[in-house]
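Colleague: Chain residues, written in single-letter form:
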Amino acid sequence: MKTLFIGGIKSGKSKAAETYIKKISDSKPIYLATTEFIDDEMALRIAKHKEMRSDSFITQEEALDLKEIISLQKAPVLVECLSVWINNMLYHEHSYEEMQMQLAEIMQLKQNIVFVINDVSCGIIPQNKLAREFVDLNGKIAQFVAQECDEVYNVIAGISVQIK
Amino acid sequence: MKTLFIGGIKSGKSKAAETYIKKISDSKPIYLATTEFIDDEMALRIAKHKEMRSDSFITQEEALDLKEIISLQKAPVLVECLSVWINNMLYHEHSYEEMQMQLAEIMQLKQNIVFVINDVSCGIIPQNKLAREFVDLNGKIAQFVAQECDEVYNVIAGISVQIK
Amino acid sequence: MKTLFIGGIKSGKSKAAETYIKKISDSKPIYLATTEFIDDEMALRIAKHKEMRSDSFITQEEALDLKEIISLQKAPVLVECLSVWINNMLYHEHSYEEMQMQLAEIMQLKQNIVFVINDVSCGIIPQNKLAREFVDLNGKIAQFVAQECDEVYNVIAGISVQIK
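Residue numbers (my numbering), protein chains in the order written: chain E, 1 to 164; chain H, 1 to 164; chain Z, 1 to 164.
Hints were generated in silico from the structure; no laboratory data involved.
Just so you know, not all the hints are guaranteed correct.
Pairs involving identical chains hold if they fit within one copy or between any two copies, as the list cannot separate such chains.
In silico DSS-like links for lysine-lysine, alpha-carbon gap of 25 angstroms or less [stated by the list, open to error]:
| hint | residue 1 | residue 2 |
| --- | --- | --- |
| 1 | Lys15 | Lys129 |
| 2 | Lys23 | Lys110 |
| 3 | Lys23 | Lys10 |
| 4 | Lys22 | Lys129 |
| 5 | Lys140 | Lys23 |
| 6 | Lys110 | Lys2 |
| 7 | Lys23 | Lys164 |
| 8 | Lys140 | Lys48 |
| 9 | Lys140 | Lys22 |
Just chain E, same shape as in the assembly (with noise of 0.2 angstroms):
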């Protein structure tokens, strides 16, 4: 079964995530760390994050090829975040072409996989181009993602809305 959970920031997205796969999993399951560039303030985001996840998870880091990855897993796999991945992608000059490709065959993968994006769609369009261009693939991503997956939940104020 594939999941999405899609929310803004600090909508509390990441938190419903992580409670849904630990209850659809029998063994720990896998949190997929998507960061790859890290400033000061990213690493105190990422520390958190880690020590409020605590014992629960088996965390791995993959900045690119996720497919690669979460093939190797035998337990349920949490892919946070998604909108960060595009980010690492877009850096590393890859096109949209390309990250849709890897997510059609990581659809094609036997594992529970449990996909969490942040929705960045709802304010004003950008001036700055880079950040254009980021919005524009992120729900482009999300649209693509949210089509395939079982399951969609959209997160606001820490509450589930279930919309697929």
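Given the structure of chain E, go ahead and fit chains H and Z onto it with the hints provided.
Modeller: Here is chains H and Z on its own, set in the frame of chain E:
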């Protein structure tokens, strides 16, 4: 019948609205493009959109007086999109009251009309005064149109959630 | 009973909350305005809001210690809005923990309380550090309040969608 699709950037709202209007139309529906001012990037987006809707629509273009052109059509009309129209109206110094009055008149027309509007409400308040005014107007117009419509759909990651 | 209304800028969340509290009140409800720092534009907005609520509310104003003033009221209280209060608390260098503690105490009060909060979570991450901190805090407070409330409504284009 009047219907509104609201969603963020690349939320899939346009595609959802297009699918919807094709379902409720016996003949080719009208695609009423509201775009007026275009730079190269916008031109690219428009070309892409035109290609996507291929041969399923009759395209009309009007930046300001939507009421006049809608009243001339026999087939259902897809207004794509209200946010661009608001921008045009602002640029030509039309007030909120004028926009609301025109929309109230459009709501009296007999045609089936499907409106699309961009949700720009869930970022932080923009520092730029014009952007702030636009966000306010867009929200007020969305409220007015939603109130007048028979059905309202919120589109998230390509999934239409009926909220009215 | 405790209730939360969350929505973007000009989403109609305040109007929805006002309609709601009038329905659950036997006597005139309290409108607790949290605004502290105002410039001309804010003053205009506030004047407009005051005019809109006309004679249906008793208005109280408090920027920081909401608990004290709420505990003194007999009628249901509309807290308008938490996002402005968070901003005030930040300005006066109160921590998230202090905010959470005060809110936890408010939740223990017997009154019916209706909270309004601005959803600022669905834009791109702001470059400005203060804005980023505000977005984080606002989201965490929204989660905390939503968790403690009996009912939560997400307001989109003037339509209240009950999500809890």
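Colleague: Which holds for Lys140 with Lys22 at a C-alpha limit of 25 angstroms: within a copy, between copies, both or neither?
Modeller: between (28 angstroms within a copy, 22 angstroms between copies)
Colleague: State whether the alpha carbon distance between Lys23 and Lys164 is at most 25 angstroms within one copy, between copies, both, or neither.
Modeller: both (19 angstroms within a copy, 21 angstroms between copies)
Colleague: Measure nothing new, just compare the shortest in-copy and cross-copy C-alpha distances for Lys140 and Lys23 to 25 angstroms and report within, between, both or neither.
Modeller: Cα proximity of Lys140 and Lys23: across copies only (24 angstroms, versus 29 angstroms in one copy).
Colleague: At most 25 angstroms between CA atoms: does that hold for Lys22 and Lys129 within a copy, between copies, both, or neither?
Modeller: For Lys22 and Lys129, the Cα distance exceeds 25 angstroms both inside one copy (39 angstroms) and across copies (34 angstroms).
Colleague: Between copies, within a copy, both or neither: which fits Lys15 and Lys129 at Cα up to 25 angstroms?
Modeller: Answer is between: at 24 angstroms across copies they meet the 25 angstroms cutoff, but 31 angstroms inside does not.
Colleague: Have a look at Lys140 and Lys48 and pick one of within, between, both or neither, based on CA distance no larger than 25 angstroms.
Modeller: between (29 angstroms within a copy, 14 angstroms between copies)
Colleague: Classify it for me, Lys23 with Lys110: is the Cα-Cα distance of at most 25 angstroms met within a copy, between copies, both or neither?
Modeller: within (18 angstroms within a copy, 35 angstroms between copies)
Colleague: Within, between, both or neither: how does the pair Lys23, Lys10 come out at a Cα-Cα threshold of 25 angstroms?
Modeller: within (22 angstroms within a copy, 32 angstroms between copies)
Colleague: Have a look at Lys110 and Lys2 and pick one of within, between, both or neither, based on CA distance no larger than 25 angstroms.
Modeller: So Lys110 and Lys2 pass the 25 angstroms test inside one copy only (9 angstroms; across, 44 angstroms).
Violated hint: 4 only; the structure is consistent with all others.
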